[in-house]
Amino acid sequence: MPNSGLIYDIKKYAIHDGPGIRTTIFLKGCPLDCWWCHNPESRSREPQSRKNLRPQKSIAMFANIPQLVGVRVSTAAVMEEIRKDVLFYDQSGGGVTFSGGEPLLQADFLKSMLKICRHENIHTAVDTSGYVDFSAFEKVLGFTDVFLYDIKLMDDALHRKFTGVSNRLILENLIKLQEKNVTLRVRIPLIPAITDTELNLKAIISFLKNETQYKEIDLLPFNQMGESKYERLDMEYRTGPLKMQSTEEIEEMKALFQKEGFRVSP
Amino acid sequence: MNQRIQKLRQQSLDAVETITAERARLLTDFYRSGEADRVSVPVARALAFRYLLEHKELCVNDGELIVGERGPQPKAVPTYPEICTHSEGDLSILHERKKVSFKSTPKTRELLLNEVLPFWEGRSIRDRIFREVDQEWKEAYTAGVFTEFMEQRAPGHTVLDNKIYHKGMLDFKTDIAASIARLDFFGDKEAVEKREELKAMEIAADAILVFAERYSQKLSGLAKTETNLQRRNELEKMAEICRHVPAHAPRTFWEALQYYWFVHLGVITELNTWDSFNPGRLDQHLLPFYRQGLADGSLSEEKAKELLMSFWVKFNNQPAPPKVGVTAQESNTYTDFCLINVGGVTATGEDASNELSYLILDVIEEMRLLQPSSMVQISKKNPDRLLKRALKIIKTGYGQPSLFNTDAIVQEMTRQGKDIIDARLGGASGCVEAGVFGKESYILTGYFNLVKVLEITLHNGFDPRTEKQIGLRTGDVKDFSSFGQLFEAFRKQLHYFIDIKIKGSLIIEKLYAQYLPAPFLSILIDDCIANGKDYNAGGARYNSSYIQGVGMGTITDTLSAIRRHVFERKSFSFNELLRALQNDFKGSEAIREKLLNESPKYGNDDDQADSILKLVFEEYFAAIDGRPNNKGGFFRVNLLPTTVHVYFGSVIGATADGRKAGMPLSEGISPVQGADTNGPTAVIKSAAKIDHLRTGGTLLNQKFTPQVLESEEGIDKAASLIRSYFRMDGHHIQFNVVTADTLRQAQRHPEEYKDLIVRVAGYSDYFVDLTDELQEEIIRRSEQTME
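Those sequence lines, one after another, are chains R and Y. Sequence positions in the first sequence follow the working numbering and run 34 to 299. Sequence positions in the second sequence follow the working numbering and run 589 to 1375.
Only chain R is shown next, with the shape it has when bound in the complex (with noise of 0.2 angstroms):
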């Protein structure tokens, strides 16, 4: 079993990935090719130059590639990291959330870390796209307390444009996974006049409901945070400028989950 992965982050205080306080482990590669990713430098499956992103932070294991991003660690090394925060996680409920690019591509690697932290009673939480063999779904989900799993797009022509991929495979997962009495919440990424769409929406809540007993839901307001990486990286933003939803236009959507008898955070 590898003990050794490709991670590109780590984010302390992570306060939108899961309960409590947590630290997300960021893991290099992903398959989609989202318009909106946050995260650009994730998708390629090699460390890459860091070009004009922000330094690197302070953490040993970045320690000596200050002008990379990815890094290949040990199991112990990020084990390490994690542990560090154990006391907030205790405090909090919280603990360690591993995100992408996509997690499960590393499906070997991710099996490491979930079976020591569940050695070591620490709350995990994968956050995944869903687009991976459902193999790689088997080899965790003994050792994974919740799953965060992102629905993007309904219409698969849309889902193909604007993430590179058909939602065919995302949404039969879905659906498996549910025999596999596993804890998930799905996500969904507002992205204003792509996702948001009350067509959209509705296209998913009706999948939910007929497809599936997924109950509970997290809706992830759009932010602009990551459009600056792309300069930095330079790399194209398609999405352009987009404008961020307003108070009122979120609670709408809430309202249409609520409605049909889904349990929405925020």
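Think of the hints as simulated: they come from the structure by calculation, not from any bench. We put the beta carbon where it would ideally sit given N, CA and C, even for glycine. Among the hints, a few may not be true.
Simulated crosslink set (BS3-like; lysine-lysine; CA at most 27 angstroms straight-line) [claimed, not checked]:
hint	chain 1	residue 1	chain 2	residue 2
1	R	Lys235	R	Lys209
2	Y	Lys1174	Y	Lys1248
3	R	Lys44	Y	Lys976
4	Y	Lys1248	R	Lys84
In silico contact screen, one side only, chain R against chain Y (beta carbon under 7 angstroms); selected entries [stated by the list, open to error]:
hint	residue
5	Ile54
6	Pro99
7	Gln100
8	Leu101
9	Lys117
10	Leu120
11	Ser125
12	Tyr263
Since the structure of chain R is provided, determine the placement of chain Y on it from the hints.
Just chain Y now, with coordinates in the frame of chain R:
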């Protein structure tokens, strides 16, 4: 907030800070009269105090419910020529400067310069201090190695406990008389001096009674001519209150507040004590009156709130006394560091929060005034709702209340040998200083510039700025072959300068004991009456002298970068580094890049850097803690900067953490601005590696964007963050919740942001009043907030 309070609040906000010559003139008249020459020093001080309170102008502001101002009107600040005198230059700078100005009329200036100044020049304590301290002290002081608190303001740094709520001044006079009666003239060589001190306390007690009586008469007079019936009733009621307190113990909520206010005015009129003065645990002291008033129907929640708000305005009407000389830069603020404590534990260690705690928090949230400042004590026994209520005020971006760890404070004090019950009844005052309320003199003697000492070490004892050999010759660092050698040289310099500082403080303590006793303050602080000793001469039950270390983040990162690049990796030689520093990195950008981006830095939960922090702390602690002062107490350490990190930075060239010459140092125990890249849990972990329990206070500033605290969930997580820090014995944490955008707007349009209050360092201040440098620093800090 009702109309009355809105009006009083607005009046306070609109009042212009002025200098009044009243106190200085009365004091000079008294000392010129020759009466002072016929009596002992303490009695003369007490008679002077009585003379002031017999003659100072009274002030009753329209609609107010608590009466009494220090000057003739709100925000009229007296001078204290027995401490320090204002020169013509000082007065004109104060009058004209753009920020934190104090206006003075030609008449005031004439009085101060022609009558006051000539009499006190040479007699003021400041002049005495500069005559008595060593040359080494003066050179280190000039170089910016340390500052001295007592050269412009008297020792204070104390807070009142609950004694005035069950004892009137007449009761204190009985205690004083009993103490005189107990004096053993045959066995106690100091009995005569003690009698003089106790006589002085008696006179000082009479003085405040005279003052209250004058107010009572004035209020009765105003009531007679008042046409508004409701106001007339109020004035009559207030006249009656002033007849009852402070002579007797208060019977009602209203009387309790008015009593405290008379005492407050007494303390800040007697001397310009540091940290003004402070009622401390207000939610504890007032609770019996609050409950009783509600039970017997004489008080309602609304009325209590109105009275508290009226009380709040009184604090805001008393800005800090203006500085003299060049030290204006050191602490350029109107705030006088009065810190109301809410929450915490009772004498027996139980949760002390109560319904009044929450009412006081409502008052704080609505009033949004600079003074009084406020804090919430959080013990493990306090419920989360108290912490969350505080966070909901903090998230509005006004920098108050700050959050303190009661359990740490109690342990800090018991380690220092204080009784656990005394400790539980204490709290924090000023910025973050732990103290036993009503029983301790915990003097801040001055800030100590740790980074400057390192700079001097790097130059073999020479100060590059003043171009003097002011330190020891600890060796040319270019010859050092290990980090250990460098640290040993730093250690020697540190002890050398601490010795200079402590010797100076011992001299200054004696000067205050001899020339400036404070008999009125001595009535209020145990056990001055029982001991027959003045507050300034060691009369208090506990006497602590603090030296506040500044620049923990900067010195850690500086030593860490030197260790990494000069000794471990040999990225460049000491010679190259020193040259780069000398040239402020001009032409050495590559070196600076490495120092900035490839060195372990404090604030990231990285032991490579944090181990150095611990080394520095242990050495600082070893140099100071437990050394005896002249009052029967000890020197102690704490780690807070107020705004001095700006001044201290201005006297230091470029440093090896990549900081450019003259830039501010890190503040408190916060990391260097921008050095912490891993969010608040990492900062907290790093900060908790200092042994807080062996300090008397540390200051940690965290910046949050408003979004982080927007939702209930955000509040919950922030509460967990704080609880975690406190579980690790963290002493204090403070949040600045304001966006850089807002601050930039305020810089461009100061007139529209007159009431924007931000956290500076251990206290809050009006953003538009801050110097440009501080404004920039706070903007930089805000820009680095977590996403």
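Do the hints match the structure? See the list:
1. Between R:Lys235 and R:Lys209 the alpha-carbon distance is near 22 angstroms, which keeps this suggested pair within the 27 angstroms criterion.
2. Simply put, Y:Lys1174 and Y:Lys1248 have alpha-carbon atoms about 10 angstroms apart, close enough for the 27 angstroms limit, and the pair holds.
3. Between R:Lys44 and Y:Lys976 the alpha-carbon distance is near 25 angstroms, which keeps this suggested pair within the 27 angstroms criterion.
4. Our distance criterion of 27 angstroms between C-alpha atoms is met by Y:Lys1248 and R:Lys84, whose separation comes to about 25 angstroms.
5. Nearest Cβ of chain Y to the Cβ of R:Ile54: about 5 angstroms, under the 7 angstroms cut. The hint holds.
6. Annotation: R:Pro99 was flagged as interfacial toward chain Y, and the flag holds, the nearest CB pair being 6 angstroms apart, inside 7 angstroms.
7. Look at R:Gln100: its Cβ only gets to about 10 angstroms from chain Y, farther than 7 angstroms, so that hint breaks.
8. Restraint check, R:Leu101 versus chain Y: the minimum CB separation of about 13 angstroms is more than 7 angstroms; hint violated.
9. Interface hint status for R:Lys117: upheld, as the beta-carbon distance to the closest one in chain Y is roughly 5 angstroms, under 7 angstroms.
10. Because the closest C-beta pair between R:Leu120 and chain Y is about 5 angstroms apart, less than 7 angstroms, the hint holds.
11. Checking R:Ser125 against chain Y by beta carbon gives a least distance of about 3 angstroms; that is within 7 angstroms, so the hint holds.
12. Of the supplied interface hints, the one on R:Tyr263 is violated, with its beta-carbon coming no nearer than about 16 angstroms to a beta-carbon of chain Y, more than 7 angstroms.
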